[in-house]
Amino acid sequence: MPSSSKTQTRTHSKTVNNGGSAKISVRNLFKVFGDDPASILPMIYDGIDKNEVQRDTGHVIGLNNINIDIADGQITVIMGLSGSGKSTLIRHLNRLIEPTAGEILLDGDNIMKYDQAALRQLRQTKMSMVFQKFALLPHRTVLENALLAPQVRGENLQGAETEARRWIERVGLGGNEAVYPHQLSGGMQQRVGLARALTSNAEIMLMDEAFSALDPLIRTSMQDLLLELQEDLHKTIIFITHDLDEALKLADHLVILKDGFIVQQGEPQHILLNPADPYIEEFVSDINRARVLKVSSVMQNDMKTKPTHGSVKGGMSLEELIAKAEGDIDRIFSVETNGKRVGSISMKSVFKALVRYDLKK
Amino acid sequence: MATYSGLFDALALRDWCDASATKSLMSLRKLKGEEVAWWDVPFPSLDNLHNACAAIPQTRDLTAWLEDSFLVIRPALRFFLDPLTQPLSWALDGTLTLFTSLPWWCLLPIIMLGVQFSAKSWRITSFVAACFVFFLFIDHYGYAIQTLSIIFVCTVLCTLIGVPVGILMSKNDNAQRLITPVLDMLQTLPTFVYLIPLIFLFKITEPKLYGLAIILYSIVPVIRLTNLGIRLVDKDVIEAANAYGMTSNQKLINVEIPLALPNIMAGINQTIMMSLAMVVIASLVSAPGLGTLVLDGINNLRLGVGFVAGFGIVLLAIILDRVSKAALARVDGSRKI
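Protein sequences appear in the order of chains Y and A. For reference, each letter of the first sequence is one residue, going 33 to 393 in my numbering. For reference, each letter of the second sequence is one residue, going 188 to 524 in my numbering.
Some hints here could point you the wrong way.
Calculated lysine to aspartate or glutamate pairs in the EDC-like style (CA-CA distance at most 16 Å, straight line) [what the hints assert, rightly or not]: (1) Lys158/Y <-> Asp139/Y; (2) Lys82/Y <-> Asp291/Y; (3) Lys165/Y <-> Glu426/A; (4) Lys165/Y <-> Asp360/A; (5) Lys158/Y <-> Asp141/Y; (6) Lys281/Y <-> Asp318/Y; (7) Lys165/Y <-> Asp423/A; (8) Lys281/Y <-> Glu368/Y; (9) Lys336/Y <-> Glu368/Y.
Since the hints were made in silico from the structure, they are not lab data. All values reported here derive from a predicted model rather than from experimental measurement.
In isolation and in its complexed conformation, chain A is listed as follows (with noise of 0.2 Å):
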């Protein structure tokens, strides 16, 4: 006799409880029918209103519905997803093969040129190259190339898209409360519940996978911080501009983007040091590089290996924080008001 069985008697509804039960093997306390102590009678969850009434669902019914009705929408998710993410795909694939089967002594020129380009700093592209030496040294120049290779395209789309729906958040007040809950969620949700729906959604060895958990994750900085940019530029410049006439457009390209830039630009370093953070954990689902090193030391418990992984993304951190942020200062500099 289960603790609510009562209930439901007393309810009249034991026809309809036992109407769709399946015997089922009842248990030691069923069997003896002890009544349960005050002390321990448990809430009225479902497994436990499920002993009394077998016509009420169990908890793990609920999960096997949702995971049934996530399998019954996923092709025709996947009919839409399939082919607007797969240039995604072409990207991560496309790069890591350009990166990784360029000679070491060809890219890393590129790299320094690249990094003495956008932070116009001898001390930090010197800085660089010898992290790069360090990594050639140790054999992990390879795995730090993919992971860096990854960040690139990720970082390159979430600015793509994060900039303009920033934009028009700032632009646009229903916009910005409609996409705030959004921006929430991507941002509280822990960092291993993004790779559950994108399991079931791509196959494992698909490169959007992990792509996609990294651009989710790693967007919701810039987007933030280009909506906050843009609706911090100063208000008498922005009424100078009206006063001359522009159109919004003017506005938006010669006033405020270029005003809100220290800010996008702030933006851009969070989420570049976001999708560094999440690229290690995408090696659980196949992403290449360091994080494949640490997955191992933890795998396989070789302290050492995951160490010097580990300080190997420490080095990939830092590199990427100093050049985006010299890169910031420059902008930032020549426009102190």
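With the rest of the complex left out, here is chain Y (with noise of 0.2 Å):
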């Protein structure tokens, strides 16, 4: 198994937070479909591969061996194609599915130890989640669908609604209040989704593929609201998704998964630069990388190379920078972020950036 939990940490340039301690920590998390799941185990720290499994004894090996750290205030990507497990896992985070062996920390809690009354307490106040298909009340309308955290908790729905209204506004439904879901397109449903999620006021929102239902377009301009809230809201977000974009542009961290494994975790820039393994650089041979990889992942750390014309954003792409540039391939950048400078960027290195990670060997 692909040992990566070591990647280096850097600061992004999208968020600003308190040094990335762990929320929630998964800790050798097991999942095993069938009849008998724990007599599947020995055999798979012996190491037994998964269709041997499926094959042998019926049992599917849902999640092997998962470690993550999920830092506070930041948005975790854990990416897989389908059937490898992220749908599964983060199910796991507030027990709507029963691990097999492992243990879930949150806060240093472990949550496998939480009765049904305990459980309960950590759904209605700590994790919110949204849903891929959107999983509104049909009967209720936009406002009461907002309303559900504060209702299932037993509040004074009285003072939770402003609340649930400045979130409608905000995710953009302002108007619609009194609209029944089916009235809403795809797009505008997810918002309400997401109002249901924000104004629960939990600290952290589990979101399973929260945009791949919608329409490219639509899926984008939820993507930047997500950011925008997240500029102001600082929520620790777990984000699933099988989209690479999508994850690139979203994760402060990246776990991807196969097969219910993990095969690279990191900062995602670190994981484009530096893939783990064929598969994951198969993954990311597709990937426009002038537009996804920044300047601050690419530049050098030195301070004393003198620029020739002057100097650019850490967070800026390099496709800005080529067009900054004018294509012109001998000029030197100083790299500035929060307007201190942290290193020097040539165009050359630039270049040779853009060129797939298979193509270099």
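Hints in hand, dock the two standalone chains.
This is how it looks when you write it as structure tokens:
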């Protein structure tokens, strides 16, 4: 199993956070589907192959030794193709699915030890969830849907209503409070889902393929909305997706799953520049690298080289830099983040970084 | 000599057979002692075996035994069922008295309001009004109201009992396994068969007799469709309810019942239609209403009386079906996904 837990941590240009202490820690999590999951565990510890288990015992390995630290106030994206176990994984975080083995620590508290009441308390107050198929209550209006969490908690709805109206306004649904979900388009329904999660006021937001069912354009605008909200809220967001572009756009921390185990995790730009194995290489090969890679990921850390053409921001994409350099390959820029010089970047290194990993060999 | 005598002789059971035998009249064939041709060998049924060996009971002994044992347990059954079902009698009596004692110009607007409230359609309300005016005009209004009030009481009770039972079935697979055969039986038993044990159990003048017959017959669809409806609730929505920490009661009230409501109402619609079918047959056991006119038509060969009452029943069926379907459609329309 590729070990990549020690990826170097870099400060991501997008987030202002308090250093990324682990909010949720997933420790040695296993999930086996079948009649007698516990009996399969020893075989998995011995390193048996997923297909072999399925053929011999009829059990399916859903998750295989998952270890993730989910940083406080950041967006952790879990990416994988269908069947990789990503939806199974996110449902373990609030125990919609029970693991076969392993523990999940929330602020150092093992939620596997929670009884039903404590678990409900956790779901009511600490974790909200957004679903791929929206999962709104069809017989309730937008406002009533947004009020779900306070209603479940048994709070005074009068006070919660102002809060709900504020979030409905914020996600761009102002004026639709009295409308029923079926009268809204898919993108608008998911905005209701988002407003519902925000109204619950939970510090952790689980988003299960939240934007996958939407049209590309609407998806992009929803991603922008989420990033914009995150600027203010600094929630701990766990986002599931099968779309690499979406993952790279949103992630502070990217976890790539394949067949139930983690192939690589770390800072997305780092994964893009240093894919751990051929699977990841293939995965990232179709990406528009100029648009995704950032100046701060490609720059050299030297402060001495004299820039020929002034300074650029670290968060700038390479595409923007190339435009700024007018295609001239000889230019060198100094890189600044928050007004401080952090390194320099030459256009030569930019063009080298655009080459796909497998062609460099 | 009966066909199977030889068999008992061969098994050396003759003494046992004859020990309990009382001398009875012998049939002509027995007297003659004719051998039966192989072509005519009868099946060894109870009666045929009895002919050969008197110790074996006849079929009529079996039915007599059933009857006797039913009569033995009858007091015990009555002891429990009588007080248990007494409210049904009161409800039926009370509603019948209430509905029939209200003057037509008072009850009719109430019915119209009820229809307008549940169906929210002027077309249906005016159709119902026209039907009732017709009933009034041909002097069948009283009978129609009697039939309606019986259906009303039985449907309310079916819903009150059926919905919780359906919910129980949807939550508990064992309950579903146990109750499904009972529902199958209730649905397949011919309607007349319901009446037999009930006639033994209760006095024929008691309203609960036909009340029970109607409820037993018509409760099945509401139970089945409640069970089905709750089992069919979108799994994604249930998951969302779980993810936001709902208790099972909150889920039931806020998610499952509202989402299953179209199915439950379809079940109630079926229940109404079935109780209408049964209330006609129940006129055999003193249920008042249009059914008595049909019965009169059959018993006294009064074709016209039977036809007009039959047409009245059809009108009632159309009214009940349209109103309940309109209510269902109204609920359904507000919750398309």
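Consistency of the hints with the structure:
no. : hint                  : result
1   : Lys158/Y <-> Asp139/Y : holds, 11 Å
2   : Lys82/Y <-> Asp291/Y  : holds, 8 Å
3   : Lys165/Y <-> Glu426/A : holds, 11 Å
4   : Lys165/Y <-> Asp360/A : violated, 28 Å
5   : Lys158/Y <-> Asp141/Y : holds, 13 Å
6   : Lys281/Y <-> Asp318/Y : holds, 15 Å
7   : Lys165/Y <-> Asp423/A : holds, 7 Å
8   : Lys281/Y <-> Glu368/Y : violated, 21 Å
9   : Lys336/Y <-> Glu368/Y : holds, 14 Å
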